[in-house]
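FYI, in numbering that gives the first Met the number 0 the residues of the sequence shown are 0 to 300.
Keep in mind that the hints are not guaranteed to be accurate.
[What the hints assert, rightly or not] What follows is a set of in silico ranges between Cβ atoms, one per label pair, in the way DEER data are often shown:
hint, residue 1, residue 2, range
1, V264, L128, 20 to 26 angstroms
2, A249, A283, 32 to 38 angstroms
3, V255, F135, 30 to 36 angstroms
4, L285, D162, 46 to 52 angstroms
5, S207, Y275, 30 to 36 angstroms
6, I96, L266, 33 to 39 angstroms
7, V264, S97, 40 to 46 angstroms
8, W200, L253, 46 to 52 angstroms
9, P181, L160, 51 to 57 angstroms
10, A249, S84, 17 to 23 angstroms
11, A283, N99, 24 to 30 angstroms
12, A283, S84, 20 to 26 angstroms
13, T163, Y275, 25 to 31 angstroms
I should point out that these hints are in silico values taken from the structure, not numbers from a laboratory.
All residues carry an ideal CB built from backbone N, CA and C; glycine is no exception.
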Amino acid sequence: MRFWGIAVALVLTLAVSAGAEDSSRRLDNLAWMKIGAGARAQALGGAFTARADDGTAAYWNPAFLSSFGAYDTEICLMALPLDFSRRAGFLSYGQTISPNWGGVAASWNYYRAGDIEERDDAGLPTGSLEDLANGFSLSYGLGVGPDWKVGTSLHYYWHSLADTEGRGVGLDLAAAYKPKGPWVRWELGAALKDLSPGMFWGTGRHESVNPTLRLGVAYHILYDQLIAAVDFEMPWQQKIVPHAGMEWWAWEFLAVRAGLDPNGVYLGAGYRAGQYQFDYAYSALLDGLSHEHRLTLMLKL
0 MRFWGIAVAL VLTLAVSAGA EDSSRRLDNL AWMKIGAGAR AQALGGAFTA
50 RADDGTAAYW NPAFLSSFGA YDTEICLMAL PLDFSRRAGF LSYGQTISPN
100 WGGVAASWNY YRAGDIEERD DAGLPTGSLE DLANGFSLSY GLGVGPDWKV
150 GTSLHYYWHS LADTEGRGVG LDLAAAYKPK GPWVRWELGA ALKDLSPGMF
200 WGTGRHESVN PTLRLGVAYH ILYDQLIAAV DFEMPWQQKI VPHAGMEWWA
250 WEFLAVRAGL DPNGVYLGAG YRAGQYQFDY AYSALLDGLS HEHRLTLMLK
300 L
(Lines of atoms letter the chains of each structure in order from A and count residues from 1; the text may use other names and numbers.)
(Lines give C-alpha, C1' and ligand atoms only; values in the text may rest on other atoms or scores of the structure.)
Protein backbone atom coordinates (compact mmCIF):
# COMPACT_ATOMS: atom_id res chain seq x y z
CA MET A 1 0.00 0.00 0.00
CA ARG A 2 2.85 2.36 0.74
CA PHE A 3 4.16 1.88 -2.81
CA TRP A 4 0.79 2.75 -4.36
CA GLY A 5 0.49 5.85 -2.20
CA ILE A 6 3.86 7.06 -3.43
CA ALA A 7 2.94 6.21 -7.02
CA VAL A 8 -0.32 8.18 -6.81
CA ALA A 9 1.49 11.17 -5.31
CA LEU A 10 4.01 11.02 -8.15
CA VAL A 11 1.29 10.99 -10.81
CA LEU A 12 -0.59 13.89 -9.18
CA THR A 13 2.58 15.96 -8.98
CA LEU A 14 3.29 15.37 -12.66
CA ALA A 15 -0.26 16.31 -13.59
CA VAL A 16 -0.15 19.58 -11.66
CA SER A 17 3.23 20.49 -13.12
CA ALA A 18 2.09 19.69 -16.65
CA GLY A 19 -0.72 22.20 -16.27
CA ALA A 20 1.56 25.01 -15.13
CA GLU A 21 2.12 28.03 -17.32
CA ASP A 22 5.00 27.66 -19.77
CA SER A 23 7.48 30.45 -19.15
CA SER A 24 10.49 28.95 -20.90
CA ARG A 25 11.36 32.40 -22.23
CA ARG A 26 12.52 33.40 -18.74
CA LEU A 27 16.22 33.88 -18.21
CA ASP A 28 17.74 31.00 -16.24
CA ASN A 29 20.11 32.83 -13.93
CA LEU A 30 21.74 29.61 -12.68
CA ALA A 31 22.17 27.87 -16.03
CA TRP A 32 25.84 27.28 -15.25
CA MET A 33 24.87 25.28 -12.13
CA LYS A 34 22.65 23.04 -14.26
CA ILE A 35 25.46 21.80 -16.49
CA GLY A 36 25.48 18.76 -14.23
CA ALA A 37 28.04 16.74 -12.31
CA GLY A 38 29.74 13.54 -13.39
CA ALA A 39 30.13 11.70 -16.67
CA ARG A 40 28.12 8.74 -15.40
CA ALA A 41 24.98 10.81 -14.82
CA GLN A 42 25.42 12.58 -18.16
CA ALA A 43 25.66 9.27 -20.03
CA LEU A 44 22.34 8.27 -18.44
CA GLY A 45 20.71 11.36 -19.91
CA GLY A 46 20.60 13.05 -16.51
CA ALA A 47 18.29 10.35 -15.08
CA PHE A 48 20.16 10.17 -11.78
CA THR A 49 17.88 11.39 -8.99
CA ALA A 50 17.17 7.79 -7.92
CA ARG A 51 20.70 6.50 -8.71
CA ALA A 52 23.04 9.09 -7.16
CA ASP A 53 25.07 6.49 -5.27
CA ASP A 54 28.53 7.92 -6.00
CA GLY A 55 30.63 11.03 -5.43
CA THR A 56 28.17 13.26 -7.32
CA ALA A 57 25.39 12.66 -4.77
CA ALA A 58 25.90 16.15 -3.33
CA TYR A 59 24.73 17.57 -6.67
CA TRP A 60 21.99 15.15 -7.77
CA ASN A 61 20.48 13.87 -4.53
CA PRO A 62 22.25 14.48 -1.19
CA ALA A 63 20.07 11.86 0.50
CA PHE A 64 22.48 9.26 -0.93
CA LEU A 65 25.27 10.73 1.20
CA SER A 66 23.81 8.71 4.09
CA SER A 67 25.97 5.78 3.01
CA PHE A 68 28.74 5.14 0.50
CA GLY A 69 28.34 1.37 0.79
CA ALA A 70 31.62 -0.40 1.42
CA TYR A 71 33.59 2.88 1.47
CA ASP A 72 33.77 5.75 3.96
CA THR A 73 35.13 8.44 1.62
CA GLU A 74 34.62 9.40 -2.02
CA ILE A 75 36.47 12.07 -3.98
CA CYS A 76 35.11 13.08 -7.39
CA LEU A 77 36.72 15.27 -10.07
CA MET A 78 34.99 16.13 -13.37
CA ALA A 79 36.44 18.02 -16.35
CA LEU A 80 34.24 19.37 -19.13
CA PRO A 81 35.90 21.30 -21.97
CA LEU A 82 33.32 23.20 -24.05
CA ASP A 83 33.36 25.08 -27.32
CA PHE A 84 33.78 28.86 -27.69
CA SER A 85 36.58 29.05 -25.09
CA ARG A 86 34.35 27.71 -22.31
CA ARG A 87 35.03 25.08 -19.68
CA ALA A 88 33.29 23.69 -16.62
CA GLY A 89 34.17 21.39 -13.76
CA PHE A 90 32.99 19.72 -10.57
CA LEU A 91 34.92 18.65 -7.48
CA SER A 92 33.51 16.98 -4.37
CA TYR A 93 34.68 15.32 -1.17
CA GLY A 94 32.24 13.07 0.65
CA GLN A 95 32.71 11.47 4.05
CA THR A 96 30.58 9.00 6.01
CA ILE A 97 30.21 10.12 9.63
CA SER A 98 28.78 6.85 10.96
CA PRO A 99 25.97 4.41 10.08
CA ASN A 100 23.67 6.29 12.46
CA TRP A 101 24.67 9.85 11.56
CA GLY A 102 24.90 9.60 7.78
CA GLY A 103 27.43 11.48 5.68
CA VAL A 104 28.54 14.94 4.60
CA ALA A 105 30.10 16.43 1.47
CA ALA A 106 31.69 19.64 0.26
CA SER A 107 31.54 20.38 -3.47
CA TRP A 108 32.45 23.02 -6.04
CA ASN A 109 30.83 23.75 -9.41
CA TYR A 110 32.91 25.86 -11.78
CA TYR A 111 32.21 27.61 -15.09
CA ARG A 112 34.32 29.96 -17.20
CA ALA A 113 33.85 31.58 -20.58
CA GLY A 114 36.79 33.65 -21.80
CA ASP A 115 37.63 35.82 -24.78
CA ILE A 116 34.12 37.27 -25.05
CA GLU A 117 34.33 40.24 -27.40
CA GLU A 118 33.25 43.53 -25.83
CA ARG A 119 31.83 46.34 -27.98
CA ASP A 120 30.87 49.95 -27.39
CA ASP A 121 27.54 51.61 -28.21
CA ALA A 122 28.65 52.06 -31.82
CA GLY A 123 29.32 48.34 -32.18
CA LEU A 124 33.10 48.74 -32.31
CA PRO A 125 35.25 46.18 -30.46
CA THR A 126 36.87 47.54 -27.30
CA GLY A 127 38.50 44.41 -25.93
CA SER A 128 37.41 41.17 -24.32
CA LEU A 129 35.70 40.18 -21.08
CA GLU A 130 35.37 37.04 -18.97
CA ASP A 131 32.33 35.24 -17.56
CA LEU A 132 33.24 33.34 -14.39
CA ALA A 133 30.89 31.53 -11.99
CA ASN A 134 31.38 29.35 -8.92
CA GLY A 135 28.99 27.39 -6.75
CA PHE A 136 30.20 26.18 -3.33
CA SER A 137 28.04 23.63 -1.51
CA LEU A 138 27.84 21.84 1.83
CA SER A 139 25.61 18.75 1.88
CA TYR A 140 24.30 16.24 4.40
CA GLY A 141 22.46 12.92 4.04
CA LEU A 142 20.85 10.73 6.72
CA GLY A 143 19.13 7.35 6.72
CA VAL A 144 15.66 7.45 8.30
CA GLY A 145 14.52 3.96 9.15
CA PRO A 146 15.27 0.96 6.94
CA ASP A 147 13.73 2.35 3.73
CA TRP A 148 14.13 6.13 3.63
CA LYS A 149 17.00 8.57 3.18
CA VAL A 150 16.81 12.36 3.37
CA GLY A 151 19.33 15.05 2.56
CA THR A 152 19.97 18.73 2.02
CA SER A 153 22.53 21.02 0.37
CA LEU A 154 23.37 24.64 1.15
CA HIS A 155 24.80 26.66 -1.76
CA TYR A 156 26.73 29.88 -2.13
CA TYR A 157 26.73 31.33 -5.66
CA TRP A 158 29.30 33.79 -6.99
CA HIS A 159 29.14 35.12 -10.55
CA SER A 160 31.49 37.64 -12.16
CA LEU A 161 30.79 39.17 -15.56
CA ALA A 162 33.14 41.87 -16.85
CA ASP A 163 33.60 44.22 -13.87
CA THR A 164 30.34 43.29 -12.11
CA GLU A 165 29.80 40.63 -9.43
CA GLY A 166 26.67 38.86 -8.26
CA ARG A 167 26.12 36.73 -5.16
CA GLY A 168 23.39 34.50 -3.82
CA VAL A 169 22.54 31.52 -1.62
CA GLY A 170 20.37 28.49 -2.22
CA LEU A 171 18.97 25.33 -0.65
CA ASP A 172 18.22 21.82 -1.94
CA LEU A 173 15.95 19.29 -0.19
CA ALA A 174 16.06 15.63 -1.21
CA ALA A 175 14.80 12.15 -0.36
CA ALA A 176 15.22 8.57 -1.56
CA TYR A 177 13.09 5.51 -0.93
CA LYS A 178 13.96 1.84 -1.45
CA PRO A 179 11.99 -0.80 0.47
CA LYS A 180 13.90 -3.76 1.81
CA GLY A 181 13.27 -7.22 0.46
CA PRO A 182 14.96 -9.85 -1.72
CA TRP A 183 12.57 -9.24 -4.63
CA VAL A 184 12.45 -5.44 -4.55
CA ARG A 185 14.11 -4.05 -7.66
CA TRP A 186 12.96 -0.43 -7.79
CA GLU A 187 13.86 2.75 -5.93
CA LEU A 188 12.58 6.32 -5.96
CA GLY A 189 14.30 9.68 -5.59
CA ALA A 190 13.15 13.29 -5.30
CA ALA A 191 15.05 16.57 -5.13
CA LEU A 192 13.74 20.12 -4.80
CA LYS A 193 16.61 22.25 -6.05
CA ASP A 194 17.62 25.91 -6.05
CA LEU A 195 15.32 27.34 -3.38
CA SER A 196 16.87 30.80 -3.38
CA PRO A 197 16.06 34.47 -2.73
CA GLY A 198 17.91 35.21 -5.97
CA MET A 199 21.16 36.73 -7.19
CA PHE A 200 22.13 40.19 -5.97
CA TRP A 201 24.54 42.17 -8.17
CA GLY A 202 26.89 44.99 -7.25
CA THR A 203 24.98 47.28 -9.61
CA GLY A 204 21.88 46.92 -7.41
CA ARG A 205 20.16 44.58 -9.84
CA HIS A 206 18.28 41.58 -8.43
CA GLU A 207 17.68 38.42 -10.47
CA SER A 208 15.15 35.83 -9.35
CA VAL A 209 16.03 32.13 -9.37
CA ASN A 210 13.33 29.60 -10.20
CA PRO A 211 13.34 26.32 -8.22
CA THR A 212 13.23 22.92 -9.91
CA LEU A 213 11.63 19.68 -8.74
CA ARG A 214 13.16 16.43 -9.96
CA LEU A 215 11.46 13.05 -9.48
CA GLY A 216 13.20 9.85 -10.44
CA VAL A 217 12.71 6.11 -10.50
CA ALA A 218 15.28 3.38 -11.10
CA TYR A 219 14.55 -0.27 -11.85
CA HIS A 220 17.10 -3.05 -11.44
CA ILE A 221 16.36 -5.28 -14.42
CA LEU A 222 19.21 -7.61 -13.58
CA TYR A 223 20.01 -6.75 -9.97
CA ASP A 224 23.00 -4.34 -9.97
CA GLN A 225 24.19 -5.31 -13.46
CA LEU A 226 21.46 -3.83 -15.68
CA ILE A 227 19.57 -0.77 -14.46
CA ALA A 228 17.08 1.54 -16.18
CA ALA A 229 16.35 5.02 -14.82
CA VAL A 230 13.87 7.79 -15.60
CA ASP A 231 13.79 11.36 -14.29
CA PHE A 232 11.14 14.07 -14.63
CA GLU A 233 12.62 17.55 -14.32
CA MET A 234 10.02 20.20 -13.48
CA PRO A 235 11.29 23.79 -13.47
CA TRP A 236 8.92 26.27 -11.85
CA GLN A 237 6.10 27.20 -14.26
CA GLN A 238 7.77 25.50 -17.20
CA LYS A 239 7.26 22.31 -19.16
CA ILE A 240 8.28 18.94 -17.75
CA VAL A 241 11.60 17.70 -19.14
CA PRO A 242 11.97 13.88 -19.22
CA HIS A 243 15.34 12.12 -18.92
CA ALA A 244 16.00 8.40 -19.43
CA GLY A 245 19.02 6.11 -19.39
CA MET A 246 20.35 2.59 -18.92
CA GLU A 247 23.51 1.27 -17.32
CA TRP A 248 24.93 -2.23 -17.92
CA TRP A 249 27.90 -3.54 -15.99
CA ALA A 250 28.95 -6.10 -18.59
CA TRP A 251 31.81 -7.15 -16.33
CA GLU A 252 32.63 -6.27 -12.75
CA PHE A 253 35.13 -3.69 -14.00
CA LEU A 254 33.43 -2.33 -17.15
CA ALA A 255 30.09 -0.58 -17.72
CA VAL A 256 28.39 0.81 -20.81
CA ARG A 257 25.69 3.48 -20.65
CA ALA A 258 23.20 5.24 -22.90
CA GLY A 259 20.64 7.97 -22.34
CA LEU A 260 18.53 10.66 -23.92
CA ASP A 261 16.53 13.77 -23.16
CA PRO A 262 14.95 16.50 -25.33
CA ASN A 263 18.36 18.13 -25.80
CA GLY A 264 20.35 15.19 -27.11
CA VAL A 265 21.57 11.61 -27.08
CA TYR A 266 24.27 10.42 -24.72
CA LEU A 267 26.70 7.49 -24.62
CA GLY A 268 29.30 6.54 -22.07
CA ALA A 269 31.41 3.95 -20.31
CA GLY A 270 32.88 3.30 -16.88
CA TYR A 271 35.99 1.42 -15.77
CA ARG A 272 36.79 0.28 -12.22
CA ALA A 273 40.32 -0.45 -11.07
CA GLY A 274 40.48 -1.12 -7.35
CA GLN A 275 39.58 2.08 -5.51
CA TYR A 276 39.52 4.12 -8.72
CA GLN A 277 36.68 4.58 -11.19
CA PHE A 278 36.96 6.36 -14.54
CA ASP A 279 33.80 7.50 -16.34
CA TYR A 280 33.38 8.99 -19.80
CA ALA A 281 30.34 10.49 -21.51
CA TYR A 282 29.78 11.70 -25.06
CA SER A 283 26.92 14.10 -25.73
CA ALA A 284 25.46 14.58 -29.22
CA LEU A 285 23.24 17.63 -28.83
CA LEU A 286 20.26 17.89 -31.13
CA ASP A 287 21.07 21.46 -32.14
CA GLY A 288 23.70 19.88 -34.39
CA LEU A 289 26.21 22.56 -33.43
CA SER A 290 28.05 21.07 -30.49
CA HIS A 291 29.34 17.83 -29.00
CA GLU A 292 30.64 17.33 -25.48
CA HIS A 293 33.19 14.99 -23.94
CA ARG A 294 32.93 14.66 -20.18
CA LEU A 295 35.51 12.87 -17.98
CA THR A 296 35.23 11.93 -14.30
CA LEU A 297 37.71 10.37 -11.90
CA MET A 298 36.50 8.96 -8.58
CA LEU A 299 38.59 7.73 -5.69
CA LYS A 300 36.97 5.57 -3.02
CA LEU A 301 38.73 5.11 0.32
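Right, here's what the structure says about each hint:
1. V264 to L128: 20 to 26 angstroms: Given about 34 angstroms between the Cβ atoms, the range is violated.
2. A249 to A283: 32 to 38 angstroms: violated, 22 angstroms
3. V255 to F135: 30 to 36 angstroms: For F135 against V255, whose Cβ atoms are near 34 angstroms apart, the range 30 to 36 angstroms holds.
4. L285 to D162: 46 to 52 angstroms: violated, 36 angstroms
5. S207 to Y275: 30 to 36 angstroms: violated, 42 angstroms
6. I96 to L266: 33 to 39 angstroms: Since I96 and L266 have Cβ atoms about 36 angstroms apart, the given range 33 to 39 angstroms holds.
7. V264 to S97: 40 to 46 angstroms: This hint holds: roughly 42 angstroms between Cβ atoms.
8. W200 to L253: 46 to 52 angstroms: Between W200 and L253, where Cβ atoms are some 47 angstroms apart, the hint holds.
9. P181 to L160: 51 to 57 angstroms: holds, 54 angstroms
10. A249 to S84: 17 to 23 angstroms: The hint (17 to 23 angstroms, Cβ to Cβ) is violated, given that A249 and S84 are roughly 37 angstroms apart.
11. A283 to N99: 24 to 30 angstroms: Once the Cβ atoms are compared, 45 angstroms apart, the range 24 to 30 angstroms for N99 and A283 is violated.
12. A283 to S84: 20 to 26 angstroms: Between A283 and S84, where Cβ atoms are some 21 angstroms apart, the hint holds.
13. T163 to Y275: 25 to 31 angstroms: violated, 41 angstroms
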